[in-house]
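Just so you know, the numbering used here puts 169 at position 169 of the sequence shown, and the rest follows in order with no gaps.
Calculated from the structure, these hints are not laboratory results.
Fair warning: this is a prediction, and the values are worked out from it, not measured in the lab.
Each residue gets a CB set at the ideal place from its N, CA and C atoms; glycine is no exception.
Keeping only pairs whose Cα atoms sit at most 20 Å apart, straight-line, the calculated PhoX-like set for lysine-lysine is:
no., residue 1, residue 2
1, 64, 39
2, 33, 58
3, 39, 58
Between beta-carbon pairs, the in silico distance windows are:
no., residue 1, residue 2, range
4, 77, 180, 53 to 59 Å
5, 167, 211, 29 to 35 Å
6, 151, 69, 36 to 42 Å
7, 136, 35, 34 to 40 Å
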Amino acid sequence: MILNAASLALLLLVSLSGVESLVLTQEKAMSVKLTESIKISCRTDASRDWILTWYQQKPGEPPKFLLADSTRASGLPSRFTYSGSGSQEYLHINGVQAEDGAVYYSSPTPPSLLLLAPSQSTSSGSEVSVVCTARGFRPDGAVLTWEEDSTTMAGSEVHPGPSQRQADGTFIQSSILKLRPERWSSGHTYTCHLTHPALTSPLRESVSAGQCS
Numbered sequence: 001m002i003l004n005a006a007s008l009a010l011l012l013l014v015s016l017s018g019v020e021s022l023v024l025t026q027e028k029a030m031s032v033k034l035t036e037s038i039k040i041s042c043r044t045d046a047s048r049d050w051i052l053t054w055y056q057q058k059p060g061e062p063p064k065f066l067l068a069d070s071t072r073a074s075g076l077p078s079r080f081t082y083s084g085s086g087s088q089e090y091l092h093i094n095g096v097q098a099e100d101g102a103v104y105y106s107s108p109t110p111p112s113l114l115l116l117a118p119s120q121s122t123s124s125g126s127e128v129s130v131v132c133t134a135r136g137f138r139p140d141g142a143v144l145t146w147e148e149d150s151t152t153m154a155g156s157e158v159h160p161g162p163s164q165r166q167a168d169g170t171f172i173q174s175s176i177l178k179l180r181p182e183r184w185s186s187g188h189t190y191t192c193h194l195t196h197p198a199l200t201s202p203l204r205e206s207v208s209a210g211q212c213s
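The whole structure should be built from the sequences, with the hints applied where relevant.
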């Protein structure tokens, strides 16, 4: 949605890529007056519930997180609220102000993947830890799995952690692989796979002891 504070013309836009089996539909245009209250709708074609993230983007500036579910950006004016659930969500601006002129859009947020290998100095103790972290995603629901070479790992060496909500409303989640030093040093390649509903295909990162020497 582009809100022009001078003419008060509204154009609703959606920008979305890399999201699996999800199409977002928003209204095309509306007209409002200053101090008028508006409701911007966003509808998904998916049968499952999605927590959509609402953004505001002003000319020449990057997108700014507004709110998602009960999580609000720090300092966000109380006139910005949301309602709805499932396939229909609404962003409310209760009393439009001149500074609200911007593009507004909603989207799930795909994760990024970070793989941290043990340093050479820590590989001589009782065990070594390889940490795989999914960052900056919304909604919750990331899945991290491990492979040794091409074999799935699901034993006691895999230590999955819970997801945690961050201040910006996105989530972070880690899984730790704990190995005996001799196993880590044996030349195997360890791969972390990440799947999430907002990804069209899984992410993966690999590491081996030879890469860290």
